[in-house]
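*Asks:* Here is what each chain is made of, one letter per residue.
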Amino acid sequence: MERIIFYIIAVLMIIFAVMAVSNRNIMRSIIYLLFVLIGMAGIYFMIEFFFLGAVQLTVYAGGIIVLYVNSVMLVEKINTPLPPTPFWRKLLAGGISLAGIVLTLIAVWSHNFVNIAESQAKETSIEDIGLAFLNYGDKGYILPFEVISILLLAAMVGAIVIAKTNKPQKSNEQK
Amino acid sequence: MVLNIFTDIHNLLLEYMSEEATHITELILIAAAYLGIFAILGLLLVWLERRVAGFFQLRLGPNRVGPFGLFQTIADALKLVSKELTGTVKADSQLYRIAPYFVITTALMSLALIPFSQEIQAFDINIGLFFLTSVSSIGVIGIFLAGWASNNKYSLIGGMRTGIQMISYELSVGMAIVTMVVLAGTLQISEIIELQKDGWFIFQGHIPAVIAFMIFMIAGTAESNRVPFDLVEAESELGAGFHTEYSGMNFAYYFLAEFVNMFIIASIAVVLFFGGWLSPFGITDAIPFAGLFWFTIKVIGVIFLFMWFRWTFPRFRIDQLLTLEWKYLLPINMVNIVLMALMVWLGLTL
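Just so you know, the sequences run in chain order A and B. Residues in the first sequence are numbered from 1 upward in steps of one, following the numbering used here. Residues in the second sequence are numbered from 1001 upward in steps of one, following the numbering used here.
Just so you know, not all the hints are guaranteed correct.
Said to hold, decoys possible - Straight line, CA to CA, 27 Å or less: simulated DSSO-like cross-link-like pairs of lysine-lysine:
1) 1327/B x 164/A
2) 1153/B x 77/A
3) 1153/B x 1083/B
4) 122/A x 139/A
5) 77/A x 1090/B
6) 90/A x 77/A
In short, the hints are calculated from the structure, not lab data.
Please model the complete structure; the sequences and the hints are all you need to start from.
*Replies:* Printed below as a string of C-alpha cells:
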C-alpha cells in the first residue's frame, strides 16, 4: 500500500519536474514546480514526519511559490512564451542532469542502509524540536538558530532600506 | 455511541473483505463523508448569510422554497450545475481550469482537522494548528491563478489585491494563534480542547486572550475575503474581481470555498478561545452526542458575528487595509505575545 503510494508520488514528481523545466510558459512552469514541492511534502507525510511536511508546505508552497507567482504577475504578460532554448544549452543541461543522476545512484547503491525496526523509530513531537532548537548542550542547535534569526533580521532591515531609498529626495523635489 | 457506529461499520466491512481492503474502503468512505459535509456546509451557510442579511435589513430573505427557504440554496446549486462552463478564448485554459481546485482542495484539507466532537476528527496530529495554517497558505495560489489566467484586467487587479491582503493578514492570524499556543503549550487540537476543561482559554488567559480574539476576528474576516475587507471582489469597481470570467460550477467552487473557509476560521476561533466541543461547566458531559451540538452552536455563534460585521461596516480602501495590518494589528500582536508569555511565566492565568 505505502509502496504503491510512494511510486505514484515519485512518478508524478518526476513528470512534473520535467514539465517544469521544459515548458516555455513561465506561469505553468511555476505551477508544475508547485506540484513537485507538494509531492515532496506528501513523501514527508508518508514517512510520518509531519513537521517537516508542514514546513515544506508553508515555506516552499505557501511562501516561495506565492512570491514567484506574485512577481510573474507583475512583470509577465499572458500569451508570451519564452524564446526557445538553443540546442547546445539543452545538451549541456541534459548532460549535467545525467551526471547528477549517476552520482546520486552510485551514492545510494554504495551506502549500506540500516533497517531500523518500527519499535525503534519514534515520532518527533513538536516539544523535541523546540527543545533541540533552544538547547546549548550536546545535541542543541542554539547557534544556527540565532544565526538564522540575525540573518532574517538583516534581510528585513535591508528590505526596509531598499524600499525607503527614494523617499527623502522626492519630498525635497516637491518643496 | 458515535464510536459504536464507527466500530460497527468497521466490523461489518471486515466481514466481507481483507484488512487492507477495509482500510482503503474506510479511507474512501471518510473522504466521501467530508465531501458531503463540505457541500452541505456551503449550502447551509449561504442560506444563513441570506437570512441574516434579511434580518439586518428588516426584510425576510429567501422564504419560499421549503421551510424557512431552506431549499433555496439547493435550487441555486442545481441551477449552477446545469449551467454551461464558459471560458474566454484568450485565457490560459490549463491554469484557468485548475485554479478553482486549489481553493477547494485546501479548504477540504483544513476541514479534516476540525474537531466536530470528541470522536469526530479525521486527522489529529501533533502539529495540528501549524498544519492548518500551512495548508491554508496554499489556497491563495488558486486566487492568484484565477486572476492571472483569466486574462482580464479586473481579474488581475482582484488577484493582486487578494495576494497582498491574504499574505499580510496571514501574519496576524498566525500570531494570534501563537499567542494562544503560548498559553496552551501544545499544537495538537484535541489536547488544546482537553486543557480547557477547567475554563475556556478566553477566561484562562483573560486580557491577552481577549486582545488575541479581537485580532483573530479582524484578521480572520480579512483572510476569508469578507466585507469590510472584500476589495478582492469590490463589485462597484472590479465586476466580480478574480472570478469575473468563471461561470457555473467553477464559480460555485469559489463561492462554496469562501463560505467553508469562514466555517474553518470560526472553528479555529471556537477551538482556541471557547473550548471546542466542551459544554459550559461540563453540564452535558454524560450525553454522547452533546459535543457535536455544543460545537455547532458555538461555531454558528462566531459565524453570526462574521455576518454581523458584513452588514455593519463599509468597505476599506487598500491603503487603509494595509495600514490597519502593518501599523496597528502587527505591533499590538507582538506586544500581546510578550504579555501572554509574561502572564504564563508569572502564573497570572486563571
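*Asks:* Evaluate each hint against the coordinates.
*Replies:* Tested hints:
Of the supplied pair hints, the one linking residue 1327/B and residue 164/A holds, its CA atoms being roughly 16 Å apart against a limit of 27 Å. Distance restraint check for residue 1153/B and residue 77/A: the Cα-Cα separation of roughly 11 Å lies within the 27 Å cut-off, and the hinted pair is therefore satisfied. For a cut-off of 27 Å, the pair hint linking residue 1153/B to residue 1083/B stands: about 25 Å separates their Cα positions. Between residue 122/A and residue 139/A the CA atoms are separated by roughly 17 Å; this keeps the pair inside 27 Å, and the hint holds.
For the proposed pair residue 77/A and residue 1090/B, the alpha carbon gap of about 12 Å is at most 27 Å, so the pair holds. Under the criterion of a C-alpha separation no larger than 27 Å, the hint pairing residue 90/A with residue 77/A is consistent with the structure, at around 25 Å.
Violated hints are absent here; each numbered hint is respected by the structure.
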